[in-house]
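> What the sequence shown shows, in our numbering, is residues 108 to 178, in sequence order.
The set of hints was computed from the structure by calculation and includes no laboratory data.
Be aware that a few hints might be false.
[What the hints assert, rightly or not] Here are the simulated EDC-like cross-link-like pairs (lysine to aspartate or glutamate), alpha carbons at most 20 Å apart as the crow flies:
1) Lys165 x Asp140
2) Lys161 x Glu122
3) Lys110 x Asp146
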Amino acid sequence: MCKAFKVNYKELLFEEEEFSKVLHNIFFNFIMDSEIPEDICSANNVLIPITFLKKELKLFKTRLITNEDKD
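Model the full structure from these sequences, guided by the hints.
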């Protein structure tokens, strides 16, 4: 199921974000490289993975800003 995050939650996650499609893909690669707890992957409640993804997106955006500041 974790591999289906992109397909299942992309629209919900990015409906309020102004990221380019390239950043969408980079974000999901970032997620797939991290260890995702099994209970999140197998959750029957859509709020559990969305909450996890939003938290990870916040971390991802922080890292992007930090990296931009270094340039």
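> With reference to the structure, classify each hint as holding or not holding.
Status of each hint after checking the structure:
1. Distance check on the hinted pair: Lys165 and Asp140 sit about 16 Å apart at the alpha-carbon level, within 20 Å; holds.
2. The straight-line distance between the Cα atoms of Lys161 and Glu122 is roughly 12 Å, inside the 20 Å bound, and the hint therefore holds.
3. A C-alpha spacing of about 14 Å is found between Lys110 and Asp146, which places the hinted pair at or below 20 Å, so the restraint holds.
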